[in-house]
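Peer 1: Residue numbers (the numbering used here), protein chains in the order written: chain A, 1 to 173; chain B, 1 to 115.
Hints are computed from structural coordinates only; laboratory data are not their basis.
Among the clues, some could well be false.
Unchecked claim - Sample of chain A residues facing chain B (criterion: CB under 8 Å; computed from the structure):
#1 E64
#2 R67
#3 K163
#4 Q167
#5 Q171
Glycine included, each C-beta is placed from N, C-alpha and C at the ideal position.
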Amino acid sequence: MIRKILAGGAAALVACAAVPAIAAAINDAQIAHIAYTAGQIDIAAGKQALARSHNKAVRAFAEEMVRDHGAVNKQALALVTKLHVTPQDNPTSQGLSRQAAATLARLGKLSGAAFDRAYVQNEVKYHGIVNGALRDTLIPNASNGELKSLLQTGLTLFTEHQKHAEQLASQLH
Amino acid sequence: MRPGRLGIALPAAAAAALALAAPASAAPRVAKPRVFTIEIRNMKFAPPPAGLRVGDQILWVNHDMFRHTATAADHSFDVDLQAGQSGRIVLRKPGAIAFTCKFHPGMKGVLTVGK
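Looking at chain A on its own, in the form it has when it is part of the complex:
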């Protein structure tokens, strides 16, 4: 089941292949860790875009990603603190982080319009992967109602991000 989280892209599948078969018994502490990690990854990508891009629309989108994902993760931290849950690292979070590090390195070699296109294309793909994971795996498996609700808010928000990224990608071609 967890494999779905990383499905959607050859590199992601490579990362997934290294993930042990843990899937069925995912718990709230792991779900919280995965969701938080996914948000942090997109914040890091946004900060990279703000450091490298000079395109006004791309920069505005990156600012939005940093701001929105930061707001969700702030809520997530408040929730796990309230619930006395310690987010639990897991192979899926580790796979996401490895993949993100590779993407940051790849995009770090680009500049100008090439960077802008690669960043926005990756945002489209990444939000698609994360939204699929939220919809198919994380939300259905979350036990705590407040965590489930926050994940649903995240899915609504990230779906909007995906639409925005798709709009932006079409403008950059």
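Starting from the known structure of chain A, fit chain B onto it as the hints suggest.
Peer 2: Here is chain B on its own, set in the frame of chain A:
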């Protein structure tokens, strides 16, 4: 959605000064603008109210933890709505005015404004 009470926004002293400035019988009777509220929750605009007219005001209230905007497609208004904040516009022209959030393009609606 609900009619607001813009009158209470006037400081009491200012209202009193206005009242003293002219005899009550000579004071112009200006219709109080109608204020309608459109709330934003869970990444959605509430349905716009019916019966809007030119001169009415819209109070946009953002209950989300995210920054939004209320941005008219015809550029007649563009309100920045920080998380938990509100903003107000005055409807200046009749017609169907499509609006969206600049940041979250799936958030949208249409104001139908009569004369």
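Peer 1: Checking against the hints above, which ones are violated?
Peer 2: 5
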